[in-house]
Structure formats: structure tokens, C-alpha cells
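Visitor: Sequence:
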Amino acid sequence: MHLWRLLLVGLSFAVLAGCDIPNAEIKGKVTYEKVPHNSDTNGLDYKNSYDVPLRGVKVELIEDGTVIETDITDNQGSYSFIKKMDTFVQLRVRAELINDTTSDDGNEWHVRVVDNTNDKAVYTLSTDTFEVKREIMEVNLHAASGWQGDNGYTSTRAAAPFHILDKVYDTLLKLDEVGEVQLPTLTMNWSPNNIPSQELDYATGKIITSHYSNNEIYLLGAENVDTDEYDDHVIIHEWAHFFEDNLARSDSIGGPHAGGDYLDLRVAFGEGFGNAWSAMITDRPLYQDSFDQAQALGFSIAIEDNDVINPGWFSEGSVQSLLYDIYDEAADGQDFLHLGLEPIVSILTNQQKDTPALTSIFTFMTYFKESYPEYATDVDNLMEAQNINPAVDIWGSNEDNNGSLPEGLPVYLELFPRDNLRVCTSTSQGDAGNKLANHRFLKLNAPVAGNYTLTLTPSRQNDIDAYIFINGVEIARDEAPGIEPAVLSFDLEQGISIADTIGYNEEGTSVAATCFDAEFQLN
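In this note's numbering, the protein residues as written are 52 to 574.
For the record, the hints were derived by calculation from the structure and aren't laboratory data.
The calculated DSS-like cross-link candidates involving lysine-lysine, where the alpha carbons are at most 27 Å apart (straight line), are:
no.: 1; residue 1: 109; residue 2: 184
no.: 2; residue 1: 404; residue 2: 494
no.: 3; residue 1: 134; residue 2: 78
no.: 4; residue 1: 80; residue 2: 184
no.: 5; residue 1: 78; residue 2: 109
no.: 6; residue 1: 135; residue 2: 78
no.: 7; residue 1: 80; residue 2: 135
no.: 8; residue 1: 494; residue 2: 420
no.: 9; residue 1: 257; residue 2: 85
no.: 10; residue 1: 85; residue 2: 171
no.: 11; residue 1: 225; residue 2: 80
no.: 12; residue 1: 225; residue 2: 404
no.: 13; residue 1: 135; residue 2: 109
no.: 14; residue 1: 225; residue 2: 85
no.: 15; residue 1: 109; residue 2: 171
no.: 16; residue 1: 404; residue 2: 420
no.: 17; residue 1: 134; residue 2: 109
no.: 18; residue 1: 80; residue 2: 98
Label pairs and their calculated CB-CB ranges:
no.: 19; residue 1: 572; residue 2: 311; range: 33 to 43 Å
no.: 20; residue 1: 264; residue 2: 170; range: 10 to 20 Å
no.: 21; residue 1: 228; residue 2: 538; range: 45 to 55 Å
The C-beta atom is built at its ideal place from N, Cα and C for all residues, glycine as well.
With the hints as extra help, turn the sequences into a complete structure.
Guide: Here's what the structure looks like:
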């Protein structure tokens with residue numbers, strides 16, 4: 052009997068001793084290879100690449116194919132896990148930033164970088180499976196650029212998606228300094244197959260150009276053609292459109308644009324803001340974009356330069372200069388406003404978000420002066436330097452710079468019930484549909500609530516389209532083909548709405564300069 056009890060106790064001790072496996076710490080850093088631009092051609096400078104910590108990303112500890120624990124890298128890219136020794140595990144980093152409202156700071160964001168040519172697969176960086184066999188194991192993960200000098204990209208371009216993600220992290224951290232950040236999921240689409248194109252086919256990489264659309268950003272990646280994964284300003288510019296779309300408001304219709312273009316006022320503000328925002332986030336007012344063979348060429352934009360090609364309310368150059376002059380921290384000899392990001396974000400996410408006018412430099416500067424009257428004189432001086440009349444309101448009233456186009460002014464043509472007005476558009480500054488006077492804007496005044504009709508009768512063989520907006524929200528449209536009058540009926544409360552009008556050729560296939568009669572009636 053005693054012998055049996057001794058054997059049982061001995062067996063129990065052996066089982067307990069077998070469970071006493073010591074812990075090990077698995078720790079390390081996650082980094083990626085950053086490729087800078089050169090100062091001569093603005094192309095990429097692979098010879099001066101350097102390693103950068105990957106911050107704020109989730110590191111997964113995987114055992115038998117299952118994620119058993121996660122950690123978030125700190126500002127040095129460091130992570131740490133505690134795991135029993137004599138086990139086999141794997142580490143994986145996803146190109147993803149996740150922060151939800153359960154966190155201490157109340158922020159919410161979810162950003163992922165995916166391959167749009169591979170079923171939207173999220174990019175990852177991982178180790179092989181390894182045995183946990185020391186009390187302290189240092190395991191570092193590094194995403195290399197894949198560049199091999201004269202041989203070009205000869206291995207996986209692992210760093211690209213993580214650099215894209217890291218620039219978004221820069222943006223989120225800086226925005227967090229001025230308030231809580233709560234944003235929907237953003238998908239960043241990048242692939243080595245993403246190439247400039249005339250047609251759009253995301254699945255094969257035909258993305259036209261880097262752009263934002265409906266909470267998704269698409270970035271070029273075609274080697275020896277145009278790559279944007281290391282173009283910090285391009286990435287952040289596109290993120291600015293995401294910001295406008297979700298936290299602020301953008302009425303921009305998009306389309307092709309360049310620094311010297313005379314643009315639709317909505318496009319001028321949207322693109323100028325995107326450029327300025329990229330300089331604010333990076334604190335580098337030189338916008339650089341690389342392309343061509345070996346990504347060796349590029350162009351730059353001096354965001355802080357007040358001497359733009361075509362100064363005016365229709366110029367993205369003027370817009371970016373004005374916005375950056377409000378932000379920048381050091382006097383450049385022409386402005387004395389150094390107010391940082393907070394007032395800019397405040398105007399965009401409050402007054403401009405609810406403006407009855409279309410979003411433009413007129414709305415932003417009017418609201419800025421109302422909110423910060425102590426800086427009104429400085430703002431007026433900046434506007435005058437850009438050939439913008441400082442005595443304007445949100446409608447651009449009193450503006451006298453027509454961009455050398457008679458059809459450029461007034462910014463809004465005003466209509467009251469029973470008014471009949473001749474309206475003319477222009478294609479003298481281009482016919483892409485987003486140039487100055489391609490669209491003409493009608494300010495519709497409703498003295499009482501009721502049902503109204505706007506009739507647009509072409510005086511030539513032209514197709515006329517029209518869209519009705521209240522505070523940036525479309526309530527009616529007429530895009531019917533043909534040269535018959537465009538007739539829109541809609542209900543209005545007392546107040547102001549906007550009609551956006553544009554003319555096309557008889558077939559409705561290309562933007563055309565035309566004239567038409569606009570009649571506004573209370574039914």
C-alpha cells in the first residue's frame with residue numbers, strides 16, 4: 052500500500068516537472084529601406100538608401116498556422132513577445148495600420164496596402180518558421196527595396212508597400228496633434244504592374260495615374276516608367292483627398308492638371324490643397340515626383356514659391372502658396388503667418404464643410420478671416436500678391452481677375468425666379484472639362500420654399516448638362532443627350548442653391564464652348 056502511494060506521488064511530480072518549460076523573449080526591430088530623391092534631377096537616389104524603422108504596425112506571432120499573439124511596433128520599430136522555449140513559431144508583419152476607438156487616444160483608423168493586381172492581397176513581411184531555443188532571441192525583420200544597381204529590380208520590392216504605409220502614419224500622427232482622428236478604412240493600392248494608361252482596369256494595373264477615389268488610393272509602380280512608392284509628396288497629396296472626402300469637403304471634379312493651368316475653381320483648390328498638405332506633413336516645401344528609366348528623372352514643385360506662373364483664384368499654384376504661407380514656421384520674407392496645421396484643419400472641417408458655395412480659395416479665405424480677424428491684413432496682402440481680390444466673399448463677389456477670359460467672371464451668375472439670363476462657356480484654356488469657364492455656375496435664389504424649374508436652352512447645336520447642389524450635395528441632374536433644352540425640376544427650401552452647367556458638342560462626346568439661355572421659375 053505504501054509502495055503504491057510512493058509510485059503515484061512520483062508520477063505526479065514527473066508530470067508537473069515536464070510542464071515547467073522556461074519562457075523566452077522574442078524581440079527585435081522591423082525596418083524598411085528608404086530610397087530618397089536626388090537634388091539634381093529629382094529622380095530616386097538608390098546609392099544613398101538607408102534603413103528606417105517601421106512604426107505602428109502589427110507584428111503577429113504565429114504557431115501552427117495560427118496567430119497566437121500580436122504586438123505593435125514603437126517609434127523605433129521594436130516589438131517583443133514572451134513564448135515558451137522548445138516551440139516553433141513564425142513572425143509576420145502586415146502592411147496595415149489599425150487603431151480603434153477603444154484605444155486611450157480615442158482615434159480610429161484602418162489603413163492597408165494591397166496589391167490591386169492580386170485580388171487585393173495585403174502585403175506582408177515574414178520570417179521562416181524557427182525554434183525558440185534561447186532565453187532571449189533577437190529576430191529582426193527588414194523589407195529591402197529589391198534594387199540591384201544596373202540590373203534594376205531583381206528581387207521582391209518588399210520595402211515599397213511599407214514605405215507607403217509609413218508616410219500615411221506620418222500623416223496620422225501629425226493630424227492627431229490637432230485633435231481626434233476618426234476615419235473609415237482606407238485601402239492603398241500599389242503594384243509593380245500599376246502603369247500610366249489611357250483606359251482604366253485596376254485588376255491589370257491600368258490606373259491612368261496615381262489618384263484617389265471612394266476611400267481608395269491607387270499608386271503607380273511600373274519600373275522604368277513611373278513609380279510613386281517613394282514619392283512622399285505624391286502619397287500624402289492623395290491622402291489629402293481622402294481627408295477632404297471624409298473629414299472635410301471637396302467639390303473638386305478632378306481631371307488632368309498642371310501648375311500652369313487655368314483651372315475650375317474647385318479643382319484649383321483641391322489640387323492646391325493636396326500639394327500644400329504634402330508640404331505641411333513632411334515640413335519639406337519641395338514636392339518631388341520621380342519617373343522614367345531607372346526612376347532617375349523627375350520634377351519638383353516649390354510649394355512655398357509665391358511667384359507662380361498664372362496667379363489667381365483658378366491656379367493650384369496660388370492656392371498651395373497661400374495655404375502653406377498660413378502654415379509654415381519660418382518667415383520667408385513675404386508672409387508673417389506661421390500658424391501651423393490647427394487653423395487650416397479647423398476651417399476645412401467646420402465652415403468650409405457646410406458652405407453653400409462651391410469649395411474654393413474664396414470660401415477658405417473668407418472663413419479664415421472671419422475666424423482669425425487679427426490676421427486679416429496679412430491674408431489680404433497674400434491674396435493681393437496672388438492677383439486675388441481680398442475684398443471677396445465665399446462667392447468671389449468683387450473678383451476682377453478673369454484669367455484673360457470674358458467668360459471667367461462673374462464666378463457665379465445670379466438668378467431669381469422669372470429671370471432669364473444668357474450664359475456662355477469657354478474652352479480657350481482647354482477642353483478637358485475641368486478648366487476655367489468649361490463650367491459656369493448659377494447662384495439660384497429661392498425666396499420661398501417650393502418646387503422650382505431651371506431650363507437651359509442652347510442657342511447652338513449643343514448638348515447642355517446641369518447639376519443642382521445644396522451645400523455640396525447634389526439634388527438633381529440632367530445629363531440627357533441631345534440638343535434639346537435641359538430641364539430640371541426640384542424642391543428647394545428658402546435660400547441658395549447652385550447650378551453647375553457645362554456644354555458639349557452636338558453628339559455629347561466632347562466639351563465645347565457654347566451659349567445658352569437660363570430661365571429659373573417657381574412652379
